[in-house]
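Participant: All chains, full assembly: derive it from the sequences and hints.
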Amino acid sequence: EDQVTQSPEALRLQEGESSSLNCSYTVSGLRGLFWYRQDPGKGPEFLFTLYSAGEEKEKERLKATLTKKESFLHITAPKPEDSATYLCAVRSIQGAQKLVFGQGTRLTINP
Amino acid sequence: GAVVSQHPSRVICKSGTSVKIECRSLDFQATTMFWYRQFPKKSLMLMATSNEGSKATYEQGVEKDKFLINHASLTLSTLTVTSAHPEDSSFYICSAREPASGNTIYFGEGSWLTVV
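These protein sequence lines are chains A and B, in that order.
Positions 1 to 111 (my numbering) are the ones given, in order, by the first sequence.
Positions 1 to 116 (my numbering) are the ones given, in order, by the second sequence.
Any given hint could turn out to be false.
[As the list claims (entries may be wrong)] Here are some of the chain B residues that sit facing chain A, going by a computed Cβ distance under 8 Å: (1) 97; (2) 108; (3) 109; (4) 116.
If you're looking for bench data, these hints aren't it; they were derived computationally from the structure.
Just so it is clear, CB atoms sit at the ideal spot from N, CA and C, and this is done for glycine as well.
Facilitator: Written out as structure tokens, the structure is:
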């Protein structure tokens, strides 16, 4: 069974304080690892897709990396508007088209 | 990115009645859409996979007679909550798979259902 575990559950940072969110996964043949951002009361917003170990993608202050067992979402010099819940999900060969989500990391950036 | 729209964003209904939520892919055709339910401060729980022109595939534990899903066109899927009960109150989110972007799944804005 595909599993995704995110850590920490919650993270508070000061504005400008860089950090990383972790997503550990166990899948039967990875077909993609996805990062989403979710604001309270809204649907998830797509950020990145990573397909193979060693792959990296960047968008503004965010950078996602992937190994065979985990993914990191690095946040550099965050701003208060980066506060949100960040969700990690995987799609596997066994799971067909479905996404399996982790529990998310609630990130709060204090000004 | 691709746009997925849900309607209504908020709905209140009485116990025992049925309510329909629509999910549309606005700028692409989606052969596959997904319906999720999310409880406060919890992650997304997949309810069913909706395939255009065929029956939906429900996840274990989801009552198919209670949560009716129809995917009659390549841009529209609907979720109907039948005989609604207060415990059906939740945040329902749809998503759609966009083939042009490597099958990236884009989400709608979500629909808040309150059953009174």
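Participant: Could you run down the list of hints and mark each one as holding or not?
Facilitator: Quick rundown of the hints versus the structure:
1. 97: Nearest chain A Cβ about 6 Å off; hint holds.
2. 108: 5 Å, holds
3. 109: This hint holds: residue 109 (chain B) lies near chain A, its Cβ roughly 5 Å from the closest one there, short of 8 Å.
4. 116: 19 Å, violated
The structure does not agree with numbered hint 4 stated previously, though it agrees with all others.
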